[in-house]
Amino acid sequence: MADVCFQMKGTAVTAVVMDLYDYSCAAFFQQLKEKIDSAPQFFNASPLVLNLSQYNGVLQPDQLIQVVASCRELGLQPMACKAVADDLLSTVRQLGMASLPASNTRATEIQAEPVSHIQQAEFRPSMVITKPVRSGQQIYAEGSDLILMAAVSEGAEVLADGHIHVYGPLRGRALAGVKGDTDARIFCRQMEAELVSIAGYFILNDTLREQCWKQPAHAFLEGESIQVAAI
Amino acid sequence: MSKIIVVTSGKGGVGKTTTSAAIATGLALRGFKTVVIDFDVGLRNLDLIMGCERRVVYDFVNVINKEASLNQALIKDKRTPGLFILPASQTRDKDALSMEGVQTVLNDLAKDFEYIICDSPAGIEQGAQMALYFADEAIVVTNPEVSSVRDSDRILGILQSKSLKSEQGGSVKEHLLLTRYNPERVAAAEMLSVADVEDILAVPLLGVIPESEAVLKASNQGAPVILDQDSEAGQAYLDAVSRLLGEEAEHRFLEVQKVGFLKRLLGGKK
Ligand SMILES: Nc1ncnc2c1ncn2[C@@H]1O[C@H](COP(=O)(O)OP(=O)(O)OP(=O)(O)O)[C@@H](O)[C@H]1O
Ligand SMILES: [Mg+2]
Numbered sequence: 000m001a002d003v004c005f006q007m008k009g010t011a012v013t014a015v016v017m018d019l020y021d022y023s024c025a026a027f028f029q030q031l032k033e034k035i036d037s038a039p040q041f042f043n044a045s046p047l048v049l050n051l052s053q054y055n056g057v058l059q060p061d062q063l064i065q066v067v068a069s070c071r072e073l074g075l076q077p078m079a080c081k082a083v084a085d086d087l088l089s090t091v092r093q094l095g096m097a098s099l100p101a102s103n104t105r106a107t108e109i110q111a112e113p114v115s116h117i118q119q120a121e122f123r124p125s126m127v128i129t130k131p132v133r134s135g136q137q138i139y140a141e142g143s144d145l146i147l148m149a150a151v152s153e154g155a156e157v158l159a160d161g162h163i164h165v166y167g168p169l170r171g172r173a174l175a176g177v178k179g180d181t182d183a184r185i186f187c188r189q190m191e192a193e194l195v196s197i198a199g200y201f202i203l204n205d206t207l208r209e210q211c212w213k214q215p216a217h218a219f220l221e222g223e224s225i226q227v228a229a230i
Numbered sequence: 000m001s002k003i004i005v006v007t008s009g010k011g012g013v014g015k016t017t018t019s020a021a022i023a024t025g026l027a028l029r030g031f032k033t034v035v036i037d038f039d040v041g042l043r044n045l046d047l048i049m050g051c052e053r054r055v056v057y058d059f060v061n062v063i064n065k066e067a068s069l070n071q072a073l074i075k076d077k078r079t080p081g082l083f084i085l086p087a088s089q090t091r092d093k094d095a096l097s098m099e100g101v102q103t104v105l106n107d108l109a110k111d112f113e114y115i116i117c118d119s120p121a122g123i124e125q126g127a128q129m130a131l132y133f134a135d136e137a138i139v140v141t142n143p144e145v146s147s148v149r150d151s152d153r154i155l156g157i158l159q160s161k162s163l164k165s166e167q168g169g170s171v172k173e174h175l176l177l178t179r180y181n182p183e184r185v186a187a188a189e190m191l192s193v194a195d196v197e198d199i200l201a202v203p204l205l206g207v208i209p210e211s212e213a214v215l216k217a218s219n220q221g222a223p224v225i226l227d228q229d230s231e232a233g234q235a236y237l238d239a240v241s242r243l244l245g246e247e248a249e250h251r252f253l254e255v256q257k258v259g260f261l262k263r264l265l266g267g268k269k
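Chains as they are written, first to last, in numbering that gives the first Met the number 0: chain A, 0 to 230; chain B, 0 to 269.
Hints may contain errors.
[To be verified] Calculated cross-link-like contacts (lysine-lysine; reagent style BS3-like; alpha-carbon spacing at most 25 Å):
{"id": "1", "chain 1": "B", "residue 1": "K164", "chain 2": "A", "residue 2": "K130"}
{"id": "2", "chain 1": "B", "residue 1": "K2", "chain 2": "A", "residue 2": "K130"}
{"id": "3", "chain 1": "B", "residue 1": "K172", "chain 2": "A", "residue 2": "K130"}
{"id": "4", "chain 1": "B", "residue 1": "K216", "chain 2": "B", "residue 2": "K75"}
{"id": "5", "chain 1": "B", "residue 1": "K164", "chain 2": "A", "residue 2": "K8"}
{"id": "6", "chain 1": "B", "residue 1": "K2", "chain 2": "B", "residue 2": "K216"}
{"id": "7", "chain 1": "B", "residue 1": "K75", "chain 2": "A", "residue 2": "K130"}
{"id": "8", "chain 1": "B", "residue 1": "K65", "chain 2": "B", "residue 2": "K172"}
{"id": "9", "chain 1": "A", "residue 1": "K8", "chain 2": "B", "residue 2": "K110"}
The set of hints was computed from the structure by calculation and includes no laboratory data.
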């Protein structure tokens with residue numbers, strides 16, 4: 000067992016993306032705190048990607064340091080910056096964060112065409128999971144739909160590039176269309192999710208409780224908002 | 000064929016050691032040659048519950064390090080024929096166990112014993128993973144409260160992904176044992192009910208052990224509570240052993256008992 004020290008694997012990590020528009024120290028901290036207080040469970044120690052592509056003006060190094068410090072203070076874990084200007088690169092490195100290219104921003108720049116193109120070019124059978132997905136476990140159906148025949152526990156996370164179907168109670172987090180497919184849907188026999196997300200948009204447990212709670216339901220994207228309806 | 004059963008929970012202090020001692024004793028009472036192993040290296044207390052702490056000379060870690068033979072380390076239970084205890088070390092820490100060492104000991108035990116019961120340490124880290132890795136079956140001990148149930152859910156996930164059985168494409172047989180169940184507190188909605196826990200975990204119910212003073216009394220006396228057959232907890236453990244052996248037994252002690260006026264006056268015995 001002890002021979003191999005590690006194994007490298009590709010994985011998709013769910014992170015919160017923050018599009019930074021503007022920065023002033025006090026307002027930023029205040030607004031972030033309010034946001035986090037509105038859903039502490041969701042943001043608790045959540046990995047964070049800071050997207051600078053939509054920033055108005057020029058972000059200074061010391062401002063970036065403050066942004067990251069505020070995020071850390073409020074319990075987030077900033078792990079990467081996206082669309083970093085050249086003169087900020089060394090600051091990003093100093094902060095121990097990765098720098099991501101600006102290109103693959105998925106929630107904002109989805110093009111419908113490549114998605115349907117992929118669907119036609121290659122048939123990928125759905126991933127079928129027959130056993131419960133327990134707290135702390137994560138299942139990702141890459142390039143396909145995900146079918147879960149038993150429960151998804153609180154604290155578990157299921158992700159798919161396509162649709163997600165859950166035939167047991169859905170109590171954990173379900174994220175469909177994680178590569179940006181806005182047509183992806185989530186179907187379940189018993190809606191009790193902590194979070195439901197489609198193509199990067201999400202709603203949380205408190206909103207979910209208002210509609211079809213513990214009932215058969217499906218979730219889909221309408222514009223930028225997720226709808227939950229009975230099935 | 001020898002069967003390895005791990006008693007595990009995630010959360011600490013829920014009754015794993017109490018259960019390991021009771022189930023191992025119950026299996027021996029039913030005529031199966033049984034050994035119970037303490038995997039809680041550094042915090043040993045199975046030997047206390049079994050009442051053999053003064054007879055510990057060598058322990059599990061000594062056997063793994065080949066400082067003692069298995070026969071030197073195994074303690075024969077004084078009360079129940081066919082029952083042996085392999086105690087944990089008090090002086091080492093959890094890293095003293097190696098996967099290869101554990102496997103060798105289990106293989107050796109499998110030649111002699113029909114049941115090998117592994118008393119897991121708390122947590123979901125290495126020590127707990129070591130205790131469950133070679134298991135054929137698992138008794139997941141849960142208290143009727145949210146954090147305990149959540150931890151049990153986690154350990155169930157680990158059982159089905161990080162055990163030898165799961166790596167070979169099979170699965171570890173799961174049993175749910177709800178302990179410290181207090182019907183009065185369930186009725187007052189201070190605790191989860193059997194149905195709530197079953198609904199969340201979706202694992203077959205091996206038994207429900209009521210909260211009982213007899214357990215404390217038993218551990219003070221160093222005699223597993225299953226030997227106290229007047230107590231509800233003892234009877235509930237007997238039922239659980241029957242179910243483990245594939246027999247049907249109705250679940251008892253789930254309802255609030257109506258205590259008569261006279262009994263209340265005289266002080267009812269739990
Ligand atoms: N059914 C019960 N009724 C009353 N008390 C109980 C019951 N079961 C266990 N206890 C008590 O709970 C405490 C913890 O029990 P035990 O040592 O068996 O738990 P454990 O899960 O092995 O703990 P650890 O995680 O520390 O190893 C003990 O004091 C024990 O007497
Ligand atoms: Mg213990």
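Outcome of the hint check:
About 15 Å separates the Cα atoms of K164(B) and K130(A), which keeps this hinted pair within 25 Å; it holds. Proposed proximity of K2(B) and K130(A) is supported: the alpha carbons are some 23 Å apart, at most 25 Å. At most 25 Å may separate the alpha-carbon atoms for a hinted pair to count; K172(B) and K130(A) meet this at roughly 13 Å. In summary, the hint linking K216(B) to K75(B) is supported, as the alpha carbons are separated by about 22 Å, within the 25 Å threshold.
Our distance criterion of 25 Å between C-alpha atoms is met by K164(B) and K8(A), whose separation comes to about 23 Å. Restraint check: the Cα-Cα separation between K2(B) and K216(B) comes to about 30 Å, which exceeds 25 Å; the hinted pair is violated. For the hint linking K75(B) to K130(A), the alpha-carbon distance of about 40 Å lies beyond 25 Å, and the restraint is violated. This hinted pair does not check out: K65(B) and K172(B) have alpha carbons roughly 32 Å apart, beyond 25 Å.
For the given pair, K8(A) sits about 40 Å from K110(B) by alpha-carbon distance, which is inconsistent with the 25 Å threshold.
Of the numbered hints listed earlier, those contradicted by the structure are 6, 7, 8, 9.
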